[in-house]
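Fit chain U to the supplied structure of chain L, relying on the hints for placement.
Protein chains in written order, with our numbering: chain L, 1 to 654; chain U, 655 to 755.
Wrong hints could be hidden among the right ones.
As the list claims (entries may be wrong) - Within a straight-line C-alpha distance of at most 25 angstroms, the following computed SDA-like cross-link-like pairs (lysine to any residue) qualify: (1) U/LYS742 to L/ILE45; (2) L/LYS332 to L/THR240; (3) L/LYS194 to L/GLY41; (4) L/LYS332 to L/LEU501; (5) U/LYS742 to L/VAL629; (6) L/LYS48 to L/ARG201; (7) U/LYS742 to L/HIS512; (8) L/LYS332 to L/LEU566; (9) U/LYS742 to L/SER631; (10) U/LYS742 to L/TYR632; (11) U/LYS742 to L/GLY627; (12) L/LYS332 to L/HIS477.
For the record, the hints were derived by calculation from the structure and aren't laboratory data.
None of these values were measured; they are calculated from a predicted model.
What follows is the residue order along each chain.
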Amino acid sequence: MSHLLLAASEAVPLSDLASAPGGSPAALAWLIPVVPAVSAGLLMIFGKRLGRVSALVAVAAMVVSAALSTSVFVHLQAQPTDARSFEHTIATWMSVGPLTIDWGVLVDPLSTVMLLLVTWVGLLIHIYSIGYMHGDEQYSRYFAYLNLFAASMLVLVLGSSFLTLFVGWELVGLCSYLLIGFWFERRDYATAAKKAFVVNRIGDVGFLISMFVIFGAFGSLSFAGVLPEAETVLGAGSVTAAVICLLLFVGAAGKSAQIPLHVWLPDAMAGPTPVSALIHAATMVTAGVYLVARTSPLWALNPGTGLLVAYIGAATALVAALIACAQNDIKKILAYSTVSQLGYMVIGVAIGDQVAGVFHLLTHGFFKALLFLAAGSVMHAVANQTDVWLMGGLLRRMPITAITAGIAVLAISGFPFLSGFFSKEEILVAALDTPGAQPVWFIGALVAGLTAFYMTRWFVLVFLGNPRWTSIEPAVHPHESPLTMTVPLLVLAVASAAGGLINAQGEDGFLHHWLEPSVQLYRGDQAFIEHGIAATSVVIAGLLGIGLAYLLYTRRWRRPAPATGLTGFAQRAFAVDTFYEWSVMRPGRFVAWGSEAFDRRGIDGLVNGLARGTGGLATFSRRLQTGFVRSYALAVLAGAVLVTAMLLGSGLGR
Amino acid sequence: MDVPAGYYLILAAALFTVGLVGVLIRRSIIVMFMCVELMLNSVNLTFVTFGRVHGNLDGQVLSFFVMAVAAAEVTVGLALIVNLFRLKASTDADDVDGLRS
Numbered sequence: 001m002s003h004l005l006l007a008a009s010e011a012v013p014l015s016d017l018a019s020a021p022g023g024s025p026a027a028l029a030w031l032i033p034v035v036p037a038v039s040a041g042l043l044m045i046f047g048k049r050l051g052r053v054s055a056l057v058a059v060a061a062m063v064v065s066a067a068l069s070t071s072v073f074v075h076l077q078a079q080p081t082d083a084r085s086f087e088h089t090i091a092t093w094m095s096v097g098p099l100t101i102d103w104g105v106l107v108d109p110l111s112t113v114m115l116l117l118v119t120w121v122g123l124l125i126h127i128y129s130i131g132y133m134h135g136d137e138q139y140s141r142y143f144a145y146l147n148l149f150a151a152s153m154l155v156l157v158l159g160s161s162f163l164t165l166f167v168g169w170e171l172v173g174l175c176s177y178l179l180i181g182f183w184f185e186r187r188d189y190a191t192a193a194k195k196a197f198v199v200n201r202i203g204d205v206g207f208l209i210s211m212f213v214i215f216g217a218f219g220s221l222s223f224a225g226v227l228p229e230a231e232t233v234l235g236a237g238s239v240t241a242a243v244i245c246l247l248l249f250v251g252a253a254g255k256s257a258q259i260p261l262h263v264w265l266p267d268a269m270a271g272p273t274p275v276s277a278l279i280h281a282a283t284m285v286t287a288g289v290y291l292v293a294r295t296s297p298l299w300a301l302n303p304g305t306g307l308l309v310a311y312i313g314a315a316t317a318l319v320a321a322l323i324a325c326a327q328n329d330i331k332k333i334l335a336y337s338t339v340s341q342l343g344y345m346v347i348g349v350a351i352g353d354q355v356a357g358v359f360h361l362l363t364h365g366f367f368k369a370l371l372f373l374a375a376g377s378v379m380h381a382v383a384n385q386t387d388v389w390l391m392g393g394l395l396r397r398m399p400i401t402a403i404t405a406g407i408a409v410l411a412i413s414g415f416p417f418l419s420g421f422f423s424k425e426e427i428l429v430a431a432l433d434t435p436g437a438q439p440v441w442f443i444g445a446l447v448a449g450l451t452a453f454y455m456t457r458w459f460v461l462v463f464l465g466n467p468r469w470t471s472i473e474p475a476v477h478p479h480e481s482p483l484t485m486t487v488p489l490l491v492l493a494v495a496s497a498a499g500g501l502i503n504a505q506g507e508d509g510f511l512h513h514w515l516e517p518s519v520q521l522y523r524g525d526q527a528f529i530e531h532g533i534a535a536t537s538v539v540i541a542g543l544l545g546i547g548l549a550y551l552l553y554t555r556r557w558r559r560p561a562p563a564t565g566l567t568g569f570a571q572r573a574f575a576v577d578t579f580y581e582w583s584v585m586r587p588g589r590f591v592a593w594g595s596e597a598f599d600r601r602g603i604d605g606l607v608n609g610l611a612r613g614t615g616g617l618a619t620f621s622r623r624l625q626t627g628f629v630r631s632y633a634l635a636v637l638a639g640a641v642l643v644t645a646m647l648l649g650s651g652l653g654r
Numbered sequence: 655m656d657v658p659a660g661y662y663l664i665l666a667a668a669l670f671t672v673g674l675v676g677v678l679i680r681r682s683i684i685v686m687f688m689c690v691e692l693m694l695n696s697v698n699l700t701f702v703t704f705g706r707v708h709g710n711l712d713g714q715v716l717s718f719f720v721m722a723v724a725a726a727e728v729t730v731g732l733a734l735i736v737n738l739f740r741l742k743a744s745t746d747a748d749d750v751d752g753l754r755s
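For reference, chain L alone in the conformation it holds in the complex:
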């Protein structure tokens, strides 16, 4: 480790940027992912012996990471606006001809914002897990994975090249597999983990190919060697840039659950609930959005590509919101809500307003983490029931969970002056100002209304009305969760409520100025209609959704009959899974069966047939050995006669 320390102290600045003096927080940024990674390793080896202490080790590692991230942030803030990017090479990974890949960290405003989100929200989820996973047999394994997950995401965020980012990208995929399938004794959970892994691999192929294209075009894979050069090497309107961006989006769609690769995320709730919070808020799904935001100079060359992707994001947002309205599972509603909100983020980053996209990523990180943790708290109280029709009336039993969840619901619904209001509004304004993206604005406004509707439905069914959990067998006695669980809820509630203030002034907001050096905005600026009207329309849509859901669901107490028609179709997620099952899985299985049969009958058959033939021949020739001496003698005679006859016949005997 000492040579790593030495190398890290020799900070290598980007060409036109100031270097960080050794020992400054920015030069120690590489420790941020390393600490939880080391902790994860320790927990994997010694976890069994540590027992309940392992949670403290994991939390301590996250505290160190969070503290380091914060100090990096403070350090960067003290620098002038144009000197906030540092690249540190820790070690050379590989050096092949002109290609040199380093293990390096890139500390700049964008990665710092992500660092803060991942470490702080991650820390809160770690603390929450102490209470939530209390009593689980695999306590230390859980925390090891959780730490590894955070570390992987930090590698992804800090990586200074596409390839280091890809390492984190794959590690995040691995950790999601491990954690979604944490209770792998249950077959459907293990299947969900496999599904997440496989769907993500599809996206990864796109990402890999885009890296090939990038290397072909730039001869480099580091951000410093690609992003600033994008315009000079490729030129505006370049087709190569469009290809790169679309392939990158295939990767991003896998991680960030965009149509058509969104199917894994709703199943990802098979893992423990804090893991869902981690996946949906701080890590994993934000990776795709981050990737698009990070590569903004490439996207800026071809705004048309961004527009196309924005439409995909809008479609994802709409479809997922519709599905969320029809779900009955406390976590599935939230899962589809995440898919929908990710669509929002993709609209933001793809349409050319990366600040708005990352802003929504942050605020969503707060309130979605809060919502999942609240859902976990509720499940904790009602013996792991997930059916919202078996809840209700929990407000009085668990007031902290209910009130914090209520704040999150208002925030995600875009209630005025809560965090979601600002971030959504900025994305919609960006859509409004970009030529050709006005329909995106309309869909966005519609989705905002739907979001308010299904989130209010969720809240009302879980916390308000008459208690339906009395019908759960065996009887449950809901009670407020322990402090380790409620404190993170309270902290996140504050963040969800006030998080919007970091960029409340739009173009003049703090986040906007902060991110400006890292991203290249390319959104249009022709107002389609008055911004005021647009913002108002979103608020009205949100309030309508809240009001409608409140009126509808405070009255109906009984579980409705199994949904049919369009509702049933939405409940089955528009049968996308069925479609994939018939279009991909079954043909795939058919091919597998065919290959298996060919291998067993064809190739094995040939080999086995040869063996059987030899055996048969041997059985036949065995019968020649009669054991009668006289028949042997006869055979000898026959042989002698034969040889003599041949000699005579061939004339050799003469």
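Then chain U, alone, in the frame of chain L:
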């Protein structure tokens, strides 16, 4: 008076055939053994005949070799037969089929 070599050869062939048929059709090991001896001696006769025809001693030398080998064979063969008889209480060749699969 000179007996033609052909007579000797015919006699040898007759002896050989008797021996061969005896080996093939008799079941007593001792008789089969004697028939083998008969075949060996018919070959000896052939050797001696041809030695005389060619006017040298090669045929007689070879027949001495055959006699020496036959003597050795008799000792081994009779020992085998005695032991077989002790084992199986019979001298029937068809009872000795332990090598059959």
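*Take a quick look at whether L/LYS332 and L/THR240 sit within 25 angstroms of each other, Cα to Cα.*
violated (39 angstroms)
_U/LYS742 and L/GLY627 were given as a pair; does the straight-line alpha-carbon distance stay at or below 25 angstroms?_
This hinted pair holds, its Cα atoms lying about 15 angstroms apart.
*Sort out whether L/LEU566 lies within 25 angstroms of L/LYS332, counting only the CA atoms.*
Given pair L/LYS332, L/LEU566 holds - Cα atoms ~18 angstroms apart, limit 25 angstroms.
*Is the Cα-Cα distance between L/LYS48 and L/ARG201 25 angstroms or less?*
violated (32 angstroms)
_25 angstroms Cα cutoff - pair U/LYS742, L/SER631_ = holds (20 angstroms)
*Compare the distance between the alpha carbons of U/LYS742 and L/TYR632 with 25 angstroms, and conclude whether the hinted pair is satisfied.*
holds (21 angstroms)
_With the threshold set at 25 angstroms, check whether the alpha-carbon distance from L/LYS332 to L/LEU501 stays at or below it._
Outside the cut-off at roughly 30 angstroms; violated.
_Agreement of L/LYS332 and L/HIS477 with the hint, judged by alpha carbon distance not exceeding 25 angstroms_ = holds (24 angstroms)
*Pair hint L/LYS194 and L/GLY41, alpha-carbon separation not exceeding 25 angstroms*: holds (23 angstroms)
*Sort out whether L/VAL629 lies within 25 angstroms of U/LYS742, counting only the CA atoms.*
holds (16 angstroms)
*Please work out if U/LYS742 and L/HIS512 have their alpha carbons no farther apart than 25 angstroms.*
violated (109 angstroms)
*asked:* For a C-alpha distance cap of 25 angstroms, please report whether U/LYS742 and L/ILE45 respect it.
replied: violated (73 angstroms)
When each numbered hint is compared with the structure, violations occur for hints 1, 2, 4, 6, 7.
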